[in-house]
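So the sequence lines, in the order shown, correspond to chains A and B. To convert, note that position 93 of the first sequence is 93 in my numbering; the numbers rise steadily by one, no gaps. Position in the second sequence counted from 1, then plus 1000, gives you my numbering.
No lab work stands behind these hints: they were computed from the structure. Some hints here could point you the wrong way.
[As the list claims (entries may be wrong)] Below, in silico cross-link-like pairs of lysine-lysine (PhoX-like), each with a Cα-Cα straight-line distance of 25 angstroms or less:
(1) B:K1009 - A:K42
(2) A:K1 - B:K1044
(3) A:K68 - A:K1
(4) B:K1009 - B:K1044
(5) A:K68 - B:K1044
(6) B:K1057 - B:K1044
(7) B:K1057 - B:K1009
(8) A:K1 - B:K1057
(9) A:K42 - B:K1044
(10) B:K1044 - B:K1014
[Said to hold, decoys possible] Sample of chain A residues at the chain B side, in silico, Cβ under 10 angstroms:
(11) V4
(12) Q6
(13) G41
(14) K42
(15) G43
(16) L49
(17) A91
(18) R107
[Unchecked claim] Pair ranges (Cβ atoms, derived):
(19) A:Q51 - B:N1062: 31 to 37 angstroms
(20) A:N63 - B:E1079: 42 to 48 angstroms
(21) B:V1114 - A:S46: 30 to 36 angstroms
(22) A:S28 - B:V1114: 42 to 48 angstroms
Virtual Cβ for every residue (Gly too), placed ideally from N, Cα, C.
The chain contents come next:
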Amino acid sequence: KQEVTQIPAALSVPEGENLVLNCSFTDSAIYNLQWFRQDPGKGLTSLLLIQSSQREQTSGRLNASLDKSSGRSTLYIAASQPGDSATYLCAVISGGAQKLVFGQGTRLTINP
Amino acid sequence: NAGVTQTPKFRILKIGQSMTLQCTQDMNHNYMYWYRQDPGMGLKLIYYSVGAGITDKGEVPNGYNVSRSTTEDFPLRLELAAPSQTSVYFCASSYRLTGETEAFFGQGTRLTVV
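Pulled out of the complex, with its shape left as it was, chain B reads as follows (with noise of 0.2 angstroms):
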């Protein structure tokens, strides 16, 4: 039962760099989000997406993309990694947007932009 499941767990990147974080959902889950949190902060959502082919921008999207061909998976693009952009990632999925829906979360990737 794996859940959500977050590649890489870790990554150093230069500035300018790119590269894409990726995530997969084994649950049948139709809602799946990107989250960033910085030291000491809450989680602020980066983009999310209701089903596949379907996505929007949560509250803090600019320099990343996303796209969902699959129900499975949600992968985040980075373009032109800048140092801002260092933070922890995590991508979260749940089945549908009722009372009893519960979140679950991936392990996360700690990104560094040096």
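Isolated chain A (complex conformation) (with noise of 0.2 angstroms):
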């Protein structure tokens, strides 16, 4: 069974800074992993999706990388700005399941 987990579940930091949020999962026969920004109150906004086949994805001031090997992935944020505060999901695809399995989220705070 695919259990994916996400570290820090909480995570406060000034604005300007660099992070790094962790998200590992137990069974590396992955589709894809997906990354999602969750605001409160609010939907799922997909932020990144990076295939098994690839190492890492960028949009912007996002960069997620993917080590299947492993079983990690982690999502790094440049430049943190007050409006990045949001929880960060991530997901996989199991190849023999077909469905989503999330992590709880990290519940990131960057303080002005």
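Grab the two chains, each in its own frame, and use the hints to assemble them into the complex.
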């Protein structure tokens, strides 16, 4: 059974810092890994999708990496801004299953 | 370009009542999912469907039922609502399960059972 873990559960940093969010998964046989952002009381917004054959994806100040063999992904946020405050969720689609499995998320607060 | 649409956005139910949460997607996606999210927690899969006429249970299916009569629609039925079903419900869809598949989510239905 695929299990996804995100560390830390919460993170608070001052504006302008670079930061890393971590995601680990137990079964390396995945199709892809997707990072989402969720604002309070809102739905999920897709940030980045990394296919199993890829090592990283970039979008603006966001960079996501994938090390499938070790079951790990990181989301790097450069030059953080207060508007980045949200919960960040990672999810994987396993090769053997037909569904997205989510981690519990990291609640990020960027202090002005 | 509507994407995934969920209705209603909010609902309060009394214990023992029933209701249907609606989900529609206009992207011709094969796969559709229902998740619930409890406060401070990740998303747990309730039911999913890989195409019209095919559904399967996820992690937490008890107390729920689904149907998939068309590609576009995937309603979630709550029978005999209980306080434990107070949660935010999200519907999602994806085209197919390959490396380039991206999942899209609705805005959620916030359900309170009192």
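Hint check:
1. Taken as a hint, the K1009 of chain B and K42 of chain A pair is honoured in the structure, with Cα atoms around 10 angstroms apart against an allowance of 25 angstroms.
2. Between K1 of chain A and K1044 of chain B, the direct Cα distance comes to roughly 14 angstroms. Compliance with the 25 angstroms bound is thereby established for this hinted pair.
3. Note on K68 of chain A and K1 of chain A: the hinted pairing holds, with a Cα-Cα distance of about 16 angstroms set against a maximum of 25 angstroms.
4. Distance restraint check for K1009 of chain B and K1044 of chain B: the Cα-Cα separation of roughly 19 angstroms lies within the 25 angstroms cut-off, and the hinted pair is therefore satisfied.
5. The hinted pair formed by K68 of chain A and K1044 of chain B meets the criterion: a straight-line CA distance of about 23 angstroms does not exceed 25 angstroms.
6. Annotation: proposed proximity of K1057 of chain B to K1044 of chain B holds, straight-line Cα distance about 11 angstroms (limit 25 angstroms).
7. Pair hint K1057 of chain B plus K1009 of chain B holds up; C-alpha atoms about 24 angstroms apart against a cutoff of 25 angstroms.
8. This hinted pair checks out: K1 of chain A and K1057 of chain B have alpha carbons roughly 14 angstroms apart, not beyond 25 angstroms.
9. A distance of roughly 17 angstroms separates the Cα atoms of K42 of chain A and K1044 of chain B; the hinted pair therefore holds under the 25 angstroms criterion.
10. At roughly 23 angstroms between alpha-carbon atoms, K1044 of chain B and K1014 of chain B fall within 25 angstroms of each other, so this suggested pair holds.
11. Satisfaction of the interface hint for V4 of chain A is found here, the shortest Cβ-Cβ separation to chain B being roughly 8 angstroms, below the 10 angstroms cut-off.
12. Checking Q6 of chain A against chain B by beta carbon gives a least distance of about 8 angstroms; that is within 10 angstroms, so the hint holds.
13. Checking G41 of chain A against chain B by beta carbon gives a least distance of about 8 angstroms; that is within 10 angstroms, so the hint holds.
14. For K42 of chain A, the suggested interface contact is upheld, since its CB lies about 7 angstroms from the closest CB of chain B, less than 10 angstroms.
15. Nearest Cβ of chain B to the Cβ of G43 of chain A: about 4 angstroms, under the 10 angstroms cut. The hint holds.
16. The interface hint given for L49 of chain A is met, as the beta carbon of that residue sits about 5 angstroms from the closest beta carbon of chain B, less than 10 angstroms.
17. Annotation: A91 of chain A was flagged as interfacial toward chain B, and the flag holds, the nearest CB pair being 7 angstroms apart, inside 10 angstroms.
18. Satisfaction of the interface hint for R107 of chain A is found here, the shortest Cβ-Cβ separation to chain B being roughly 8 angstroms, below the 10 angstroms cut-off.
19. Judged by the Cβ atoms, the range 31 to 37 angstroms given for Q51 of chain A and N1062 of chain B holds: they are separated by roughly 34 angstroms.
20. The hint said 42 to 48 angstroms for the Cβ distance between N63 of chain A and E1079 of chain B, and at roughly 45 angstroms that hint holds.
21. In this structure the hint that V1114 of chain B and S46 of chain A lie 30 to 36 angstroms apart at CB holds, the actual value being about 34 angstroms.
22. In this structure, S28 of chain A and V1114 of chain B meet the distance hint of 42 to 48 angstroms, their C-beta atoms being roughly 44 angstroms apart.
Consistency note: the structure conflicts with none of the earlier hints.
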